[in-house]
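Could you slot chains B, C and D onto chain A? The hints should help.
Number of protein chains: 4
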Amino acid sequence: MTDSSKTSAILLIHCPDKPGIVVAITEFIHKNDGNILYLDQHVDTERGVFFMRIEWDLGNFVIQREKIAEYFETLVASRYEMVSQLSFSDTKQRMALFVSKMSHCFYDLLARYECGELNVEIPVIVSNHPDLQLAAERLGIEYHCISVNKENKKQQEEKQKLLLAEHNIDFIVLARYMQVLSDDFVKDYPQRIINIHHSFLPAFPGGRPYHSAYERGVKIIGATSHYVTADLDAGPIIEQDVVHVSHKDSVEDMVRIGRDLEKIVLARAVRHHVHHDLLVYENRTVVFE
Amino acid sequence: MTDSSKTSAILLIHCPDKPGIVVAITEFIHKNDGNILYLDQHVDTERGVFFMRIEWDLGNFVIQREKIAEYFETLVASRYEMVSQLSFSDTKQRMALFVSKMSHCFYDLLARYECGELNVEIPVIVSNHPDLQLAAERLGIEYHCISVNKENKKQQEEKQKLLLAEHNIDFIVLARYMQVLSDDFVKDYPQRIINIHHSFLPAFPGGRPYHSAYERGVKIIGATSHYVTADLDAGPIIEQDVVHVSHKDSVEDMVRIGRDLEKIVLARAVRHHVHHDLLVYENRTVVFE
Amino acid sequence: MTDSSKTSAILLIHCPDKPGIVVAITEFIHKNDGNILYLDQHVDTERGVFFMRIEWDLGNFVIQREKIAEYFETLVASRYEMVSQLSFSDTKQRMALFVSKMSHCFYDLLARYECGELNVEIPVIVSNHPDLQLAAERLGIEYHCISVNKENKKQQEEKQKLLLAEHNIDFIVLARYMQVLSDDFVKDYPQRIINIHHSFLPAFPGGRPYHSAYERGVKIIGATSHYVTADLDAGPIIEQDVVHVSHKDSVEDMVRIGRDLEKIVLARAVRHHVHHDLLVYENRTVVFE
Amino acid sequence: MTDSSKTSAILLIHCPDKPGIVVAITEFIHKNDGNILYLDQHVDTERGVFFMRIEWDLGNFVIQREKIAEYFETLVASRYEMVSQLSFSDTKQRMALFVSKMSHCFYDLLARYECGELNVEIPVIVSNHPDLQLAAERLGIEYHCISVNKENKKQQEEKQKLLLAEHNIDFIVLARYMQVLSDDFVKDYPQRIINIHHSFLPAFPGGRPYHSAYERGVKIIGATSHYVTADLDAGPIIEQDVVHVSHKDSVEDMVRIGRDLEKIVLARAVRHHVHHDLLVYENRTVVFE
Numbered sequence: 000m001t002d003s004s005k006t007s008a009i010l011l012i013h014c015p016d017k018p019g020i021v022v023a024i025t026e027f028i029h030k031n032d033g034n035i036l037y038l039d040q041h042v043d044t045e046r047g048v049f050f051m052r053i054e055w056d057l058g059n060f061v062i063q064r065e066k067i068a069e070y071f072e073t074l075v076a077s078r079y080e081m082v083s084q085l086s087f088s089d090t091k092q093r094m095a096l097f098v099s100k101m102s103h104c105f106y107d108l109l110a111r112y113e114c115g116e117l118n119v120e121i122p123v124i125v126s127n128h129p130d131l132q133l134a135a136e137r138l139g140i141e142y143h144c145i146s147v148n149k150e151n152k153k154q155q156e157e158k159q160k161l162l163l164a165e166h167n168i169d170f171i172v173l174a175r176y177m178q179v180l181s182d183d184f185v186k187d188y189p190q191r192i193i194n195i196h197h198s199f200l201p202a203f204p205g206g207r208p209y210h211s212a213y214e215r216g217v218k219i220i221g222a223t224s225h226y227v228t229a230d231l232d233a234g235p236i237i238e239q240d241v242v243h244v245s246h247k248d249s250v251e252d253m254v255r256i257g258r259d260l261e262k263i264v265l266a267r268a269v270r271h272h273v274h275h276d277l278l279v280y281e282n283r284t285v286v287f288e
Numbered sequence: 000m001t002d003s004s005k006t007s008a009i010l011l012i013h014c015p016d017k018p019g020i021v022v023a024i025t026e027f028i029h030k031n032d033g034n035i036l037y038l039d040q041h042v043d044t045e046r047g048v049f050f051m052r053i054e055w056d057l058g059n060f061v062i063q064r065e066k067i068a069e070y071f072e073t074l075v076a077s078r079y080e081m082v083s084q085l086s087f088s089d090t091k092q093r094m095a096l097f098v099s100k101m102s103h104c105f106y107d108l109l110a111r112y113e114c115g116e117l118n119v120e121i122p123v124i125v126s127n128h129p130d131l132q133l134a135a136e137r138l139g140i141e142y143h144c145i146s147v148n149k150e151n152k153k154q155q156e157e158k159q160k161l162l163l164a165e166h167n168i169d170f171i172v173l174a175r176y177m178q179v180l181s182d183d184f185v186k187d188y189p190q191r192i193i194n195i196h197h198s199f200l201p202a203f204p205g206g207r208p209y210h211s212a213y214e215r216g217v218k219i220i221g222a223t224s225h226y227v228t229a230d231l232d233a234g235p236i237i238e239q240d241v242v243h244v245s246h247k248d249s250v251e252d253m254v255r256i257g258r259d260l261e262k263i264v265l266a267r268a269v270r271h272h273v274h275h276d277l278l279v280y281e282n283r284t285v286v287f288e
Numbered sequence: 000m001t002d003s004s005k006t007s008a009i010l011l012i013h014c015p016d017k018p019g020i021v022v023a024i025t026e027f028i029h030k031n032d033g034n035i036l037y038l039d040q041h042v043d044t045e046r047g048v049f050f051m052r053i054e055w056d057l058g059n060f061v062i063q064r065e066k067i068a069e070y071f072e073t074l075v076a077s078r079y080e081m082v083s084q085l086s087f088s089d090t091k092q093r094m095a096l097f098v099s100k101m102s103h104c105f106y107d108l109l110a111r112y113e114c115g116e117l118n119v120e121i122p123v124i125v126s127n128h129p130d131l132q133l134a135a136e137r138l139g140i141e142y143h144c145i146s147v148n149k150e151n152k153k154q155q156e157e158k159q160k161l162l163l164a165e166h167n168i169d170f171i172v173l174a175r176y177m178q179v180l181s182d183d184f185v186k187d188y189p190q191r192i193i194n195i196h197h198s199f200l201p202a203f204p205g206g207r208p209y210h211s212a213y214e215r216g217v218k219i220i221g222a223t224s225h226y227v228t229a230d231l232d233a234g235p236i237i238e239q240d241v242v243h244v245s246h247k248d249s250v251e252d253m254v255r256i257g258r259d260l261e262k263i264v265l266a267r268a269v270r271h272h273v274h275h276d277l278l279v280y281e282n283r284t285v286v287f288e
Numbered sequence: 000m001t002d003s004s005k006t007s008a009i010l011l012i013h014c015p016d017k018p019g020i021v022v023a024i025t026e027f028i029h030k031n032d033g034n035i036l037y038l039d040q041h042v043d044t045e046r047g048v049f050f051m052r053i054e055w056d057l058g059n060f061v062i063q064r065e066k067i068a069e070y071f072e073t074l075v076a077s078r079y080e081m082v083s084q085l086s087f088s089d090t091k092q093r094m095a096l097f098v099s100k101m102s103h104c105f106y107d108l109l110a111r112y113e114c115g116e117l118n119v120e121i122p123v124i125v126s127n128h129p130d131l132q133l134a135a136e137r138l139g140i141e142y143h144c145i146s147v148n149k150e151n152k153k154q155q156e157e158k159q160k161l162l163l164a165e166h167n168i169d170f171i172v173l174a175r176y177m178q179v180l181s182d183d184f185v186k187d188y189p190q191r192i193i194n195i196h197h198s199f200l201p202a203f204p205g206g207r208p209y210h211s212a213y214e215r216g217v218k219i220i221g222a223t224s225h226y227v228t229a230d231l232d233a234g235p236i237i238e239q240d241v242v243h244v245s246h247k248d249s250v251e252d253m254v255r256i257g258r259d260l261e262k263i264v265l266a267r268a269v270r271h272h273v274h275h276d277l278l279v280y281e282n283r284t285v286v287f288e
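Residue numbers (numbering that gives the first Met the number 0), protein chains in the order written: chain A, 0 to 288; chain B, 0 to 288; chain C, 0 to 288; chain D, 0 to 288.
No lab work stands behind these hints, which were simulated from the structure alone. Any given hint could be a false lead.
Any copy will do: because identical chains look the same in the list, a pair fits if it lies in one copy or spans two.
Claimed, not checked - Calculated pairs, BS3-like style, for lysine-lysine (alpha carbon to alpha carbon, straight line, at most 25 Å): (1) Lys5 x Lys66; (2) Lys158 x Lys186; (3) Lys30 x Lys17; (4) Lys66 x Lys149; (5) Lys247 x Lys17; (6) Lys160 x Lys5; (7) Lys91 x Lys66; (8) Lys100 x Lys247.
Chain A on its own, in the form it takes in the complex (with noise of 0.2 Å):
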């Protein structure tokens, strides 16, 4: 959507709807010399709920970066009780991968890295095993292997958590890594943990998806991704796909097509993460495209 050469301010909003939001936006952009580069809005009419994301070329924009928040909180935000977040194209989120034994979310994300599609550092692994280490290291990334149980679990996210701090992470991806983090350890990274469900949300939450979905008999499987909250498997989604399954396909045949599956609905909603596409409201995800 962006020519990546240029720097821009994104901007997400929401507030109350009423006359008057985009003029007063598009306004303050402009009259500094801003030029938009994307505009979506969306109007939720039942709650009543403007939603925005609204980009602009900081090439001629008169008011500083560091100063554009406190700006436009002032002069527009302020105005109509606007919920705001400003981030900046040229700066590059610090992403975590926590993973486990499988393996398929973990290679292709780290494809993507590799061939420069996803526009983030990572700078530590975590996992609760060490079977992926080697890979890791292949591509010089930092590895830990910090196993978890009932036990230890306190203990051990705090060393998570110490490491996160020393690499100034932003927000952590769980590629499949099959532990349950303490509502603690979510709380200190809200709408920041991305996680992805292997089943098609809210049908077959908790574990073992794909067994349920067996027994049931469905004749479609699908995968969720979605920013983890205290409720295991419902907070608010991000991204959703699905395939057609039929009796012939066991629980192993449906791992195996789930798995493509997976890779691909976590990976678009890192790549919505990182372009401050999204935003959420009252558990539920606006995806501006």
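Chains B, C and D in isolation, oriented as in the chain A frame:
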């Protein structure tokens, strides 16, 4: 799959898996001068069950059609503990349509009926509302408005059963019929009542699934056709399909988008039933295509 | 997207991309007390073209609806070399349906019309065959059988044009009308004739696409709705969809499976046209959703 | 479909359709104490051709595996003019990967290889560029950079053939290898070279299909895997899949979105080839699933 100008016999079979089943069945047909037109089999290795659909041309078959079931039972089925079901391609099944106020599945099925796509007889339509009476009568199909509420349900279902018996109905299609049939009613038509539910079951069973889908913020909505059993929306799934939605879609949008899913998914299920493409085993369907 | 109980104005705009366009348009609406209900814009950066669909509530709008086009042209459009098209949500467009022998698109559109989903008037149906006359008349719609062949085409098209003029037809839907319209005819209805072609164009243009698909051994078949232009099957694409097929599907199976695609894809295109969701630029459509 | 711990034999067969074929084949297996694990057959009624894939457990089979082909030919195949191909589930095929600069299919296939999903040996990778050398060598796979241009093509292809012979290569996967192989090369590997083309063939064959798709304004893009034949992009199609795009997607977006299609479609085709799920007849594939 079949040249409709010839009469063929169709056998649906399941039995414990054992060596020799395919040979036994195909020999029975071949030695009696039946020409196999279609054969598909499936082994559920986990449960150790063998499934087959086989269809053969009766042109030169030496066993009279009235005797085939008996001969097959004696010579083959009994030796392998087979559960089998025999049908003939030239038998038109008699279908009753149950509708309510919504017309999309009703019109879609009747359009298929009119142009000869749906190889059935539809002698009667039952509704708890008068809304579609005129449209039914235009096509010359009997329409019975039998309004149902908690108090009169038992009694009205008796009227319905009488109608079904009078018209020699083979199976019932609930084309967005908004009433839950009583267990007693359902028991009389095992695997002979097809329902369309407006969600990708098992997500969002029961009432108002589009509202629930909206609330949960899913990115995909679905429709599921299934045989009706005593458990609400829990019967064997015949067909499912889905469509992507976004935050832009209100509940009303989902309802509208869903209509096209529902009618297509229901029509596919009816087709499978009519063509004897499917059998049920432990609440799962095997659909031969 | 819109509360249908209120009247709204809809502007479709394209122009050379320049800073300030969004502000100019939204100010025009806001300063005159119009409340923006929907705004979507798109910049084709390669061609340097700006596209917008904007819809606003006319409840308190200070400019009379008859004057809006003129005011907008003078105050905004002329300054930015805009090509714009203004419509009102309460204007019912008048649609003519052209059919032949096949009934699936015909029945599907009329079912939508009957239940109020399709916000148009359909005063007349034109066909080169009598097959669907009875069904049309049941619904009380005029049906004109105007048979066309190479010799009489010019003359018969004159009759058709007369009919369209008599009924004040705004746009034409070719619902599997099997005749190619002459260039002269097409020129009279620019971007006002919608066709459904039974392939995923540009694969398999022209006649018998399912036969060609079968011969080529494709694993997917499709349907494409597009505006008719002088070049056969080469007009701007509005909607496309596909379905998987396999080696098991004969040409007849593809024809049957394709019918469900065709009717859904055509209905979506008609909906976009009726809702003023789309504009055409250099043989490509911009479809706002 | 198969328990991988047991060895099974797989027969792919086609022949003129006649009564008795299924019995003849299944008897051959059953009488010699083979247990049928999988059977799928298909009759192309238009061409009068019978197709079958049958797989059986060799545990108690009385014919030695080296003799099965001969016995089957003598006792069954010759009587029905069958063309048959016998394989064994425990034979690992040797696959050569041809790549260029783009890494997505390369990484995806190698990730499947690493985790054991792809039941092959990959002893050698051939490229006309050095870009992926490091990544290949990390995994311990020989990488040969053989740059090809119009002048040296013949000579370089000889080098490639030598390499393939040295490594006893069974089949070749062109994972976005950007060179057209000469007819001579192709003839040496009939139905043993799998290509991925980045369009839904037959639309947009040849170079730059995403550019053409963008120009034509299609709403769907696709990918096609096929066996390479002398005619460019016209070989038998193995797998196709598509994804919806919109006017918002630039050529670069299509390229990015298409990468995920290409890698999945290619991987599915390779799987079918490796599992002996497919046979070719008159430039069309029969894919048993």
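Intra- versus inter-subunit Cα pairing at 25 Å for Lys5 with Lys66: within (19 Å within a copy, 41 Å between copies)
Intra/inter-copy verdict for Lys247 and Lys17 if alpha-carbon distance must be at most 25 Å: between (54 Å within a copy, 18 Å between copies)
Copy assignment of Lys158 with Lys186, given that the CA separation must stay at most 25 Å: within (16 Å within a copy, 59 Å between copies)
Within, between, both or neither: Lys160, Lys5 at alpha-carbon 25 Å: Result: close neither inside a copy nor across copies, 34 Å intra and 47 Å inter.
Within, between, both or neither: Lys30, Lys17 at alpha-carbon 25 Å: So Lys30 and Lys17 pass the 25 Å test inside a copy (21 Å) and across (14 Å) alike.
Intra/inter-copy verdict for Lys100 and Lys247 if alpha-carbon distance must be at most 25 Å: This pair counts as neither: shortest intra-copy Cα distance 27 Å, inter-copy 38 Å.
Intra- versus inter-copy proximity for Lys66 and Lys91 (alpha-carbon distance at most 25 Å): Within one copy only: 20 Å inside, 50 Å across.
Alpha-carbon proximity between Lys66 and Lys149, which holds within one copy, between copies, both or neither at 25 Å: So Lys66 and Lys149 fail the 25 Å test inside a copy (47 Å) and across (57 Å) alike.
Hint compliance for this structure: hints 4, 6 and 8 are broken, all remaining hints hold.
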